[in-house]
Amino acid sequence: MSVDAADRAIIVATQAGLPLVPRPYHMIAARLGLAPEEVMRRIARMQAEGVIRRIGAVPNHYALGYRANGMSVWNVPDARARAAGRRVGAVDFVSHCYLRPRRPPEWPYNLFVMVHGRSRAEVERRVGEIARLLGDDDHGHEVLYSTRILKKTGLRLAAEPQPESTDERGRRPGPGVAGPGSAAVAPDERPGRAGGGRG
Amino acid sequence: MDDVDRRLINALQGGFPVCERPYAEAAARLGLGENELIERLRRLLARGVLSRFGPMYRAERLGGAVTLAALRVPAADVERVAAAVNGFPEVAHHYEREHALNLWFVLATETPARVEAVLGEIERRTGYPVYHLPKLEEFYVGLRLRA
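Sequence order for the protein chains is A and B.
Going by the working numbering, the first sequence opens with residue 1, and the numbers climb by one from there.
Going by the working numbering, the second sequence opens with residue 1, and the numbers climb by one from there.
For the record, the hints were derived by calculation from the structure and aren't laboratory data.
Careful: at least some of the hints might be erroneous.
[Claimed, not checked] Here are the simulated DMTMM-like cross-link-like pairs (lysine to aspartate or glutamate), alpha carbons at most 20 Å apart as the crow flies: (1) K151(A) <-> E98(B); (2) K135(B) <-> E106(A); (3) K151(A) <-> E96(B).
[Unchecked claim] Taking CB as the label site, the calculated pair distances span: (4) A16(A) <-> N35(B): 16 to 24 Å; (5) A5(A) <-> P17(B): 22 to 30 Å; (6) A131(A) <-> G127(B): 45 to 53 Å; (7) A100(B) <-> R41(A): 23 to 31 Å; (8) E121(B) <-> P22(A): 20 to 28 Å; (9) R41(A) <-> A46(B): 28 to 36 Å; (10) E20(B) <-> E124(A): 47 to 55 Å.
[Claimed, not checked] Just so you have them, the derived chain B footprint on chain A, three or more residues with Cβ under 8 Å: (11) 4-16; (12) 46-60; (13) 86-94; (14) 128-138; (15) 141-148.
The beta-carbon is built from N, C-alpha and C at its ideal position, and this holds for glycine as well.
Build the full structure now, drawing on both the sequences and the hints.
This is the structure:
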């Protein structure tokens, strides 16, 4: 864990969003009993370390008209998968690109490429572009459209870390995350941020 | 949503300043006043155009784990299974997709050890085997949406 108790308090205080006041970091500092400079220094440090991916607006894809959320999945030869992933990941409309294990025989796909579009036709065009880019490395692909968002919360840290006790299997009990809300930690923002909606 | 809102959404998906008056600084870059920016953000959040405004944290860098898993569930049983899966606070995102593997969820846990524990519990409660598809490598994450 690269964060200490004060960092954690700052995370808990900001994970639902920054206060919409002229001095938001000062407001957080006052709430936590820290100096404003310390709050800002810690936030800047967490950003530099990558604990904070970015600070800013998280748009709702669906509200912006991106109604089609297609998870395209590709069977790419293992030996060439990393090179293929880098190639596809560089395409501007690709939001997420991951290498994952296959689960044969039902699931032969190892490269996951999330493609968002204003319509399915737009997603299909984009998937066609990826297919051309992969060329002979495309040993089969499918597009899984989302038909329903069943849940979209994101990780929420509990105010206090969970106790380090374990159960008989050596596992920690209880969830370490707290209730729903809008995505605070975009874990890796995978199927999420698009909003699938219907269609 | 007007052109200013669109410009604001396109410009503010990252890089929000860390300083005493960050809204004033960001507003100046957009040619807006501090109060106008704050009011527009408040409205976009209230209308759900923005799902949030602030720091986006990475679970993995906090010592936690994030993973993807899928279930193959007959249509008649989807509602029961979806509710059971959603009952786990570690389930951060959950989508129904058009495929034989029809339920896809992202697990975000505070410790890596919790992943297997939660997936085992989901199998037990739903009665279906979980297809666990942890990421082996990440090539790009960081969509910037054009408003």
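Report the numbers of all earlier hints that the structure fails to satisfy, in ascending order.
-> 6, 7, 8 and 14
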